[in-house]
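Colleague: Residue numbers (numbering that gives the first Met the number 0), protein chains in the order written: chain C, 0 to 456; chain L, 0 to 456.
What the hints contain is simulated information worked out from the structure, not anything from laboratory work. Careful: at least some of the hints might be erroneous.
[As the list claims (entries may be wrong)] List of simulated lysine-lysine pairs, DSS-like, C-alpha gap at most 27 angstroms:
| id | chain 1 | residue 1 | chain 2 | residue 2 |
| --- | --- | --- | --- | --- |
| 1 | L | K195 | C | K195 |
| 2 | L | K205 | L | K246 |
| 3 | L | K421 | C | K261 |
| 4 | L | K266 | C | K421 |
| 5 | C | K81 | L | K421 |
| 6 | L | K363 | L | K421 |
| 7 | C | K266 | C | K246 |
| 8 | L | K152 | L | K205 |
| 9 | C | K318 | L | K451 |
| 10 | L | K152 | C | K266 |
| 11 | L | K261 | C | K421 |
| 12 | L | K359 | C | K289 |
| 13 | L | K152 | C | K33 |
| 14 | C | K33 | C | K81 |
| 15 | C | K195 | L | K152 |
[Stated by the list, open to error] Simulated DEER-style distance windows between Cβ atoms:
| id | chain 1 | residue 1 | chain 2 | residue 2 | range |
| --- | --- | --- | --- | --- | --- |
| 16 | C | S213 | L | E80 | 46 to 52 angstroms |
| 17 | L | N350 | C | D13 | 50 to 56 angstroms |
| 18 | L | G355 | C | K29 | 28 to 34 angstroms |
| 19 | C | D13 | L | L381 | 44 to 50 angstroms |
| 20 | L | D258 | C | K81 | 34 to 40 angstroms |
| 21 | C | N243 | L | G355 | 47 to 53 angstroms |
All C-beta atoms in this analysis are idealised placements derived from N, C-alpha and C, irrespective of residue type, glycine included.
Number of protein chains: 2
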Amino acid sequence: MAEEIENIGFELTDELLIKVEQLIALKKDKELQKLLRDFHHADIAEILDELDLEEAIYVIKLLDSETTADILMELDEDNREKVLRNLSSKEIADEIGELDTDDAADIISELPEDRQHEVISHIEDEEHKAEIKELLTYHEDTAGGLMAKELVKVYDTWTVAGCLRRIRGQAKEVTRVHSIYVVDKQNRLIGRLSLKDLIVAKSDQKIEDIYISSVDSVNVHDDAEDVARVMQKYDLEAIPVVDNNQKLLGRITIDDIVDVMKEEAEKDYQLAAGITSDVEADDSIWELTKARLPWLLIGMFGGIGAASIINGFSDAMLKFPALLMFIPLIQATAGNVGVQSSAIVVQGLANDTIDGSLFKRLLKEFALGLVNGLAIALIVLLISHFAFHTTYLESLTICIALISVIIMAAIIGTFIPIFLDKRGIDAAVATGPFITTSNDIFGILLYFLIAKAILGF
Amino acid sequence: MAEEIENIGFELTDELLIKVEQLIALKKDKELQKLLRDFHHADIAEILDELDLEEAIYVIKLLDSETTADILMELDEDNREKVLRNLSSKEIADEIGELDTDDAADIISELPEDRQHEVISHIEDEEHKAEIKELLTYHEDTAGGLMAKELVKVYDTWTVAGCLRRIRGQAKEVTRVHSIYVVDKQNRLIGRLSLKDLIVAKSDQKIEDIYISSVDSVNVHDDAEDVARVMQKYDLEAIPVVDNNQKLLGRITIDDIVDVMKEEAEKDYQLAAGITSDVEADDSIWELTKARLPWLLIGMFGGIGAASIINGFSDAMLKFPALLMFIPLIQATAGNVGVQSSAIVVQGLANDTIDGSLFKRLLKEFALGLVNGLAIALIVLLISHFAFHTTYLESLTICIALISVIIMAAIIGTFIPIFLDKRGIDAAVATGPFITTSNDIFGILLYFLIAKAILGF
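Start from the sequences and build out the full structure, keeping to the hints where you can.
Modeller: Written out as structure tokens, the structure reads:
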């Protein structure tokens with residue numbers, strides 16, 4: 000590899016970590032600065048995430064605020080909170096002065112309210128301060144909460160040459176120029192241009208003659224997830240944000256959307272696994288317990304419910320003990336089918352591919368349950384007959400119960416997410432333990448009812 | 000909303016669908032073209048996905064190939080396959096002529112092998128043809144499989160003015176100019192420039208004096224998921240792809256990475272839900288059965304295993320029937336804890352945050368299981384004693400079993416994904432039904448062993 004090609008192979012080794020720790024311990028500031036200078040800020044953040052808090056703060060105070068501002072953004076959220084608690088409001092304001100408005104607003108919004116005002120009052124650049132204050136007024140899950148104020152805009156009356164001159168000024172503040180937005184005198188978004196278009200155009204042409212009038216935009220109050228869906232669908236790398244009067248307020252870039260998508264996917268995955276808040280493997284036992292115990296308790300009440308049902312049929316149990324052996328099978332099958340059905344529906348809802356008649360969909364799940372149920376029941380029939388020597392009526396009971404429970408679980412797993420979605424509730428909560436627990440109870444109840452009908456106890 | 004602001008509010012209504020279908024039925028080509036002209040190609044794809052195959056093909060043959068090529072890329076994969084089967088090799092080649100090389104190669108790779116050669120032979124532009132052929136040689140899950148050949152490159156010896164002149168030529172083929180790549184005479188990547196840098200520079204400056212020599216790149220054989228991770232970590236919108244000699248081969252843009260991330264998240268979610276292949280709610284019952292039955296069968300064998308265990312302890316069951324009632328509780332709790340633990344580990348592995356000693360991690364799960372187990376056992380103790388009138392020894396059995404099973408499930412759920420990951424197997428397969436099934440069996444076995452030790456049957 001040529002020396003210029005960097006970063007891509009970065010791996011945080013124990014040697015590197017020990018070296019950094021030693022340099023901190025020995026207060027070899029110059030050597031430390033020299034060592035870290037060649038790393039990308041995201042890599043330095045990875046190193047700091049592994050250090051003790053005092054060591055991390057030592058490094059942050061050592062490096063210049065342009066670098067540390069970017070590092071702060073990349074730190075693990077818990078660590079960032081701790082670091083910020085150990086910096087003065089003035090120090091935080093200096094970091095924030097180096098950040099784009101969207102990142103600056105994100106960091107400030109993580110601070111306790113009284114510190115927010117203090118930090119903002121220390122920001123020196125008045126324009127930057129006003130823009131950050133504006134961004135803080137939007138909800139974090141909306142387009143306003145995602146957007147940055149930094150953008151390049153031109154008026155339709157300018158010439159190409161004039162534009163290029165002014166863009167040279169504006170572009171210095173903007174990390175990446177995706178599109179140049181064209182506005183009218185009232186600052187209303189009327190079109191866009193790419194830098195490429197400007198370069199290809201003749202220098203005396205007017206913007207109004209060359210701009211592209213079809214431009215996608217989102218409203219500042221649009222939901223962040225909807226913005227993500229739109230940018231993904233239309234392969235956009237940036238989208239302008241406007242208010243109700245079409246006035247240009249800011250722009251959202253794809254890197255923020257990538258983060259939204261990732262958080263969304265992680266949240267859904269955790270919900271499906273019965274974890275109620277965003278936790279990581281390295282969180283404290285207390286935080287992990289808070290995230291995990293709620294679903295375990297609900298599962299526990301499900302198990303108690305199942306115990307009551309079995310208790311209610313205790314006479315039958317003594318007469319047909321073979322039935323009891325198959326309770327775990329019935330329960331596991333109901334759980335697995337339910338999770339499969341609900342996962343497919345939840346994913347379909349997220350991708351907007353669930354439409355058409357609910358009745359048809361349930362009918363399809365019925366057919367699907369019947370096919371799967373018949374296949375499994377046939378195998379169980381053979382095993383129960385030859386390995387467990389159940390009577391014909393007992394075998395029949397188990398098979399009919401399996402088929403019924405599979406169909407029931409498939410229908411419940413399909414219906415509940417769609418039902419929740421129609422009521423405006425996030426369907427992802429209806430996966431995993433929720434479906435498993437309800438199917439456990441209904442499955443065992445159905446099993447005993449079918450046994451009662453066939454065996455007649 | 001001003002008229003220029005388009006698309007963002009697109010919603011596929013029944014009225015629109017009916018109108019399109021009517022225009023097709025009446026063969027009102029001009030009206031149909033006029034209607035569809037104002038829609039984004041992604042929206043037209045959404046309409047076509049809802050039409051019958053003949054109707055969709057009618058629309059595709061009606062519109063010009065520049066538009067339909069983009070529409071093809073946005074169609075649902077199953078529908079695209081059907082549409083392609085109904086187009087001649089020449090027609091497909093014309094569509095492909097309009098696409099960027101990466102999209103073109105993706106479409107061709109979906110065709111049966113004999114058609115691939117036919118289609119390629121019909122591509123008229125020899126350079127485009129050669130580039131597509133090159134891309135087809137890379138595996139789809141590598142950087143080479145993701146990259147496009149379209150990029151803007153300049154030699155370090157050029158001047159800014161010369162660059163701008165040549166970029167005007169190159170840029171016409173490139174939809175979006177992210178970075179301008181700087182290469183030496185051997186076509187080796189040595190740096191990058193942004194269009195902004197070029198515009199800001201003086202026209203007689205040499206590229207070698209202004210280019211940025213630190214440039215991230217990936218190797219053509221790097222794993223697609225690694226590329227996604229890198230681009231996300233460093234907030235990149237495009238990354239150049241090089242071969243082992245650092246020669247510039249292509250570039251990958253963030254929109255392709257967004258798709259990789261999304262597929263990855265969906266795959267993990269489906270694996271966690273026990274679905275073995277990528278299916279959608281609208282797939283056929285046969286396809287859905289193929290994706291769902293394997294895990295149901297494994298769950299079934301787990302259930303049969305549980306039945307054998309219960310059968311093996313059938314004498315004890317008759318002596319202590321109260322124990323049986325709590326089998327579903329033990330099983331459900333083991334399943335829930337296992338899924339929670341494994342989900343956290345799988346997510347940690349995906350985010351590269353799982354490091355450090357395995358022993359420490361298992362010890363933490365032990366402590367966590369103990370805390371959760373004590374909380375749940377206490378509640379169950381009260382309920383079993385007062386509601387089910389279990390004896391003291393029976394209650395003790397249930398509580399100790401619950402705590403043990405929770406600890407066991409937490410440790411298994413943590414250990415297995417880490418173990419698989421170390422063996423190079425995708426840890427995501429170890430979530431959902433896999434963990435649930437193994438915990439079902441071990442949980443029930445542990446329950447009876449503890450009962451035997453305490454109650455002494």
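Colleague: State for each hint whether it applies.
Modeller: Structure-based check of each hint:
1. In summary, the hint linking K195/L to K195/C is supported, as the alpha carbons are separated by about 10 angstroms, within the 27 angstroms threshold.
2. For the proposed pair K205/L and K246/L, the alpha carbon gap of about 22 angstroms is at most 27 angstroms, so the pair holds.
3. Between K421/L and K261/C, the direct Cα distance comes to roughly 24 angstroms. Compliance with the 27 angstroms bound is thereby established for this hinted pair.
4. Restraint check for K266/L and K421/C: satisfied, since their Cα atoms lie roughly 25 angstroms apart, inside the 27 angstroms limit.
5. With a C-alpha separation of about 32 angstroms, the suggested pair K81/C and K421/L falls outside the 27 angstroms cut-off, and the hint is violated.
6. A hinted pair counts as satisfied when its Cα atoms are at most 27 angstroms apart, and K363/L with K421/L qualifies at roughly 20 angstroms.
7. In summary, the hint linking K266/C to K246/C is not supported, as the alpha carbons are separated by about 34 angstroms, beyond the 27 angstroms threshold.
8. The hinted pair formed by K152/L and K205/L meets the criterion: a straight-line CA distance of about 15 angstroms does not exceed 27 angstroms.
9. Distance hint between K318/C and K451/L is fulfilled; the C-alpha atoms sit about 24 angstroms from each other, no more than 27 angstroms.
10. Between K152/L and K266/C, the direct Cα distance comes to roughly 41 angstroms. Violation of the 27 angstroms bound is thereby established for this hinted pair.
11. Between the alpha carbons of K261/L and K421/C the distance comes to roughly 24 angstroms, so the proposed pair stays at or under 27 angstroms and holds.
12. Proximity of K359/L to K289/C is assessed by CA-CA distance (about 21 angstroms); at most 27 angstroms being required, the pair is judged to hold.
13. Between K152/L and K33/C, the direct Cα distance comes to roughly 32 angstroms. Violation of the 27 angstroms bound is thereby established for this hinted pair.
14. The suggested pairing of K33/C with K81/C holds, with an alpha-carbon distance near 26 angstroms, which does not exceed 27 angstroms.
15. Of the pairs offered as hints, the one joining K195/C and K152/L holds, with about 14 angstroms between alpha carbons and a cut-off of 27 angstroms not exceeded.
16. In this structure the hint that S213/C and E80/L lie 46 to 52 angstroms apart at CB is violated, the actual value being about 31 angstroms.
17. Here the CB-CB span from N350/L to D13/C is close to 20 angstroms, at odds with the stated 50 to 56 angstroms.
18. Remark: the range hint 28 to 34 angstroms for G355/L to K29/C is upheld by a beta-carbon distance near 31 angstroms.
19. The hint said 44 to 50 angstroms for the Cβ distance between D13/C and L381/L, and at roughly 49 angstroms that hint holds.
20. Distance hint for D258/L and K81/C: a CB-CB separation of about 36 angstroms, consistent with the stated range 34 to 40 angstroms.
21. Taken as a hint, the range 47 to 53 angstroms holds for the pair N243/C and G355/L, whose Cβ atoms sit roughly 51 angstroms apart.
Checked against the numbered hints given earlier, this structure breaks hints 5, 7, 10, 13, 16, 17; the rest are met.
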